[in-house]
Amino acid sequence: MDFTTLSAQLNASTIIPEGIIVLTILVILVGDLILGRSSSVQWSPYVAIAGLLSSVASLFFQWDVADPIAFLGGFNSDALSVLFRGIIALSSAVTVLMSARYVEQAGTALAEFLAIMLTATVGAMFLSGANELVMIFVALETLSISSYLLTGYMKRDPRSNEAALKYLLIGAASSAIFLYGSSLLYGLSSGETRLGAIAASISSVEDLGLIIALVFVIAGIAFKIAAVPFHQWTPDVYEGSPTPVVAFLSVGSKAAGFALAIRLLVTAFPLVADQWQFVLSALAILSMVLGNVVALAQTSMKRMLAYSSIGQAGFVMIGLVLGTEAGYASMLFYLLVYLFMNLGGFTCIILFSLNTGTDEISEYSGLYQKDPLITLALSICLLSLGGIPPLAGFFGKIYLFWAGWQAGAYGLVIIGLLTSVVSIYYYIRVVKMMVVKEPHEMSDAVKNYPQTRWNLPGMRPIQVAIVFTLVTTSLAGILSNPLFTLANNSVSRTEMLRAAIAPTPTETVSLDTTAQ
Amino acid sequence: MQLEYFLLLAAALFCIGIYGLVTSRNAIRVLMSIELLLNAVNLNLLAFSNYLDPAGIKGQVFGVFVITIAAAESAVGLAIVLSIYRNRNTVDMEQFNLLKW
Amino acid sequence: MNGLEVQLPGVDFGTMGLAEGVQFVSFILLGLMMVGAALGVVLLANIVYSAFLLGVVFVSLSGLFILLNAGFVAAAQILIYVGAVNVLILFGIMLVNKSEGFSTIENAWLGKVVTGSVCTGLFALLGTMILSTSWSLSDGLVAGEDATIVIGKHLFSDFLLPFEVASVLLLIALLGAIVLARRELVPDEDVAIAPPLTLPERPRDLAQAAPQDSLP
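Chains as they are written, first to last, in this note's numbering: chain A, 4 to 519; chain B, 580 to 680; chain C, 300 to 515.
These are calculated hints, taken from the structure and not from any lab test.
Just so it is clear, the structure is predicted and the values come from calculations on it, not from any experiment.
Note that CB positions come from ideal geometry on N, CA and C, so glycine has one too.
There may be inaccurate statements among the hints.
As the list claims (entries may be wrong) - Just so you have them, the derived chain A footprint on chain C, three or more residues with Cβ under 8 Å:
#, region
1, 323 to 330
2, 434 to 444
3, 447 to 460
Build the full structure now, drawing on both the sequences and the hints.
Have a look at this one:
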């Protein structure tokens, strides 16, 4: 195997989007080193955003590649992974917009923060396309270790330290358990690490080993997407982390978890498809119920959004367990709109806490009088998260529930409907507090609300983020067709999902197709 | 010598690691328990690699990656433990309860 | 045991019976050493002893790796785990250790007993799985002495991507660990609105009531 044939086989052009981000990391780090911290505050966020956006742009050219398999089976750049990588890079770009002022005001180094954030993005993007156990593990750990570092970034704050320690210990334990499961997969398939080859060579193995591997692997995935029995870290980490990090964890990191879930479960566990769908349905029900019910009792905005994101993960999991084309497409569509509405909500919370220094829900009362922009944007985003009709979240939920109903998952859909009614209640509570309070009912924080100074460094990006998410959240509802087509195309173009979906009418056919 | 012996040894190490993870109150000991878990996985991987995949030995490559990443993880873990110790002056897991429901 | 004797490649001293015997004895010794040391790591009260016993676990595992014909991984295990991780943990203990007596919690033994039995159950489950699965043992070609070469080939062909991603990971872990562990000089105390390097949101107990007791 000489060098030229090897480099042709590697098909390395599929990872150009990630390569751009790695280059951006190096530019930021080296530039910060040479030009000094005071100047890097000025330019590093823009470099990071430029890198992320050009990465999204280069993903556009990956959409239609003839041969998506790269690195001798280690990486799969099919349409599904392209869409997930786009979601992750976009969420990271919006997060960078909202983080510049926040990190600056906390007095921490911005360049290192951005470098770690971009590394988390790279890890998440590689995770969405990883097609082989070693690659999955390395990408997962790149994402996780950067997330631990970001969580503990406010190192003088005991809450941030605690959150980082809890996240690290639980995360490392869950990835060790995940790893034990993957080592069993390696053994059961007698020495295969590529997901497709694993599925092909475990066709005739008794159940116990495979089931244990499945359970261990699901434990690792469920930790990443914060599904209910594995969610304990979420509220603590969300409350103690810097808010931009929370925004990234709730969108980018979660999307990567779902990408991993689809690829690993669909490709490597076709034999136990019923079992994993059952386990994940149970997790989805628990997440929807517990996430939405406990969110009712929260007094802190960040914690409320933490529980709401657990509930939202439950809704997305409905699409995952259906195993139909509409199911996967609705899941992707929901993740796309969730990206905008959730990040919009977080941007407003960041702006509010920068202005007032608090994130108590009660402190938001009467905000309409002082800052109509935040009120409008936060209301739209929260109503959309709750699924109020003309907004994007409504169409996302309708599509999910429709797909579930069509596939016959009536129980899941009914629980989803009931819990989204519950969720509307706690979202509306915040909106009502901001809008309807009389001037004399204003909270102290709002009474002393400072004029927002948009000319401070890093404030313009927040404004851009708010306006961008506000516009997309309100327009994506009415003009949802492009996103809808994108999600559908992504599913129908993906080889792996086509193979998994096609034989659904009769279960016996699936064995024949894998044997060929 | 059989594969099963090594696998049982790895399973025992894994369970000891889980026990340490749950019961330890010193944060550093929890980190050590995580190292035990990762070592158990490595033993599993190398056993499979030797008995089931002796020509490809992908398990050994996997093991090298696990060792590398475990080192990175423990470095980050100790950095976090140090920073929490500076602020709270303790490494007792039971004292870390600022963040509650 | 049941006729599935697998000849270990790369070992050709003496008769096969003697080699097998030596291997078996060293397996037993290393295994006992490892399990005993691991139990010590989680059970001993003194954290310094635990850290040294962790080193014993790493060394005996490296011996087991040699029995599994993984010389390269065994060397990496010694270099990285014993040489770096264990030393790092000892340094961490030295920096953190003030031999604090943890306040006792009531019924702590109950939790330990429950955890112990759950772990025993988990071991029984894994053991059943290991013994009941018929692993398809390979009797084909073996890499044997060439293992290091084979690993190198893997790292530059089908495992090239994880190899490169691991370099990014190591860079950022290095950077992040330094950022978190370094003592920060806080230069301009009065410029920032909130105290530096903390979250801008106030802690919840302070936000609700008047700021009566600030956190240390």
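Checked hints:
1. Note: the region 323 to 330 of chain C has 0 residues with beta-carbon separation from chain A under 8 Å; the three-residue rule is not met and the coverage is violated.
2. For the region 434 to 444 of chain C, the stated coverage by chain A is satisfied: 3 residues place a CB nearer than 8 Å to a CB of that chain, which reaches the threshold of 3.
3. For a cut-off of 8 Å, the count of residues in the region 447 to 460 of chain C with a CB near a CB of chain A stands at 5, and the three-residue condition holds.
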